[in-house]
Amino acid sequence: DTLILSYTKAGGTTETETLSSKTLTSKTISSLSAGSSYNIKLQTKVTKNSQAYTQDVSLNQYTRPNAVTNIKVERNSTYPNSQLDISWTKPSEASGVCIFYSTGTDLSKADGGDFVTNKTSSTIKYLTPGTKYNFWVVSYAGAAPDYSDIQKGTSLNTTTPATYASCYTKPKEITNPAVTATTTTSA
Numbered sequence: 793d794t795l796i797l798s799y800t801k802a803g804g805t806t807e808t809e810t811l812s813s814k815t816l817t818s819k820t821i822s823s824l825s826a827g828s829s830y831n832i833k834l835q836t837k838v839t840k841n842s843q844a845y846t847q848d849v850s851l852n853q854y855t856r857p858n859a860v861t862n863i864k865v866e867r868n869s870t871y872p873n874s875q876l877d878i879s880w881t882k883p884s885e886a887s888g889v890c891i892f893y894s895t896g897t898d899l900s901k902a903d904g905g906d907f908v909t910n911k912t913s914s915t916i917k918y919l920t921p922g923t924k925y926n927f928w929v930v931s932y933a934g935a936a937p938d939y940s941d942i943q944k945g946t947s948l949n950t951t952t953p954a955t956y957a958s959c960y961t962k963p964k965e966i967t968n969p970a971v972t973a974t975t976t977t978s979a
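Under the working numbering, the first residue of the sequence shown carries the number 793, and numbering increases by one thereafter.
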């Protein structure tokens, strides 16, 4: 029994490797390009009673892209109490990014899931004044993955871990302050 593994980068050449099927249950393919689409094919060749049988299984899969860099979060100049501006540098091989935000530090419980494809910045609105927000920016290759897969770290075509940054929204201004006189007496 023989397994033949082949993989082809979109528009590239095919690499082929013959594997022993008696003990093999998984195989790591290394030296692949980040954020690239590959057609992966596994062919089983079995000889039984002098007859050769083959069965093919194939799939198309993107490799993980590189992580975003230069992530920066700042108060929005027009609405600093309730909006934050976030910017980043997207890796060239990524199809887009997904932005999550939370007042906590756990990506799996974060809000958002805003997919951005052809931009390198976004404004997050309707935030609570005077609150620290944590942001995660995840690059992806190919079609946009499910939010929950990104948050759990199980998406195969996204960066892991996500790039992370924090910022506070501006507190509300104090309105109508009042001063109350207090006197103390000593005994």
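Think of the hints as simulated: they come from the structure by calculation, not from any bench. Mixed in with the good hints, there may be bad ones.
Unchecked claim - Once the Cα atoms are required to be at most 25 Å apart in a straight line, the calculated DSS-like pairs of lysine-lysine come out as:
(1) 962 x 944
(2) 837 x 801
(3) 944 x 924
(4) 819 x 837
(5) 917 x 964
(6) 819 x 944
(7) 801 x 833
(8) 924 x 962
(9) 864 x 924
(10) 801 x 819
(11) 864 x 911
(12) 964 x 864
(13) 833 x 924
(14) 864 x 901
(15) 917 x 962
(16) 917 x 864
(17) 864 x 801
(18) 901 x 917
(19) 901 x 962
(20) 944 x 964
(21) 901 x 944
(22) 864 x 833
As the list claims (entries may be wrong) - Estimated spans, in silico, between C-beta atoms of each pair:
(23) 913 x 970: 37 to 45 Å
(24) 922 x 977: 19 to 27 Å
(25) 922 x 820: 21 to 29 Å
(26) 897 x 836: 21 to 29 Å
(27) 897 x 846: 29 to 37 Å
(28) 819 x 881: 30 to 38 Å
(29) 862 x 962: 19 to 27 Å
(30) 968 x 896: 32 to 40 Å
(31) 909 x 969: 40 to 48 Å
(32) 823 x 945: 18 to 26 Å
(33) 944 x 825: 54 to 62 Å
(34) 897 x 941: 31 to 39 Å
(35) 970 x 918: 40 to 48 Å
(36) 901 x 866: 39 to 47 Å
Even glycine gets a Cβ: it sits at the ideal position worked out from N, Cα and C.
Each hint tested on the structure:
no.	hint	in the structure
1	962 x 944	violated, 31 Å
2	837 x 801	holds, 24 Å
3	944 x 924	holds, 23 Å
4	819 x 837	holds, 17 Å
5	917 x 964	holds, 15 Å
6	819 x 944	holds, 23 Å
7	801 x 833	holds, 12 Å
8	924 x 962	holds, 9 Å
9	864 x 924	holds, 14 Å
10	801 x 819	holds, 17 Å
11	864 x 911	holds, 14 Å
12	964 x 864	holds, 23 Å
13	833 x 924	violated, 47 Å
14	864 x 901	holds, 21 Å
15	917 x 962	holds, 13 Å
16	917 x 864	holds, 16 Å
17	864 x 801	violated, 33 Å
18	901 x 917	holds, 19 Å
19	901 x 962	holds, 24 Å
20	944 x 964	violated, 35 Å
21	901 x 944	holds, 9 Å
22	864 x 833	violated, 41 Å
23	913 x 970: 37 to 45 Å	holds, 41 Å
24	922 x 977: 19 to 27 Å	violated, 38 Å
25	922 x 820: 21 to 29 Å	violated, 48 Å
26	897 x 836: 21 to 29 Å	violated, 46 Å
27	897 x 846: 29 to 37 Å	violated, 51 Å
28	819 x 881: 30 to 38 Å	holds, 34 Å
29	862 x 962: 19 to 27 Å	holds, 23 Å
30	968 x 896: 32 to 40 Å	holds, 33 Å
31	909 x 969: 40 to 48 Å	holds, 47 Å
32	823 x 945: 18 to 26 Å	holds, 23 Å
33	944 x 825: 54 to 62 Å	violated, 25 Å
34	897 x 941: 31 to 39 Å	violated, 20 Å
35	970 x 918: 40 to 48 Å	violated, 30 Å
36	901 x 866: 39 to 47 Å	violated, 24 Å
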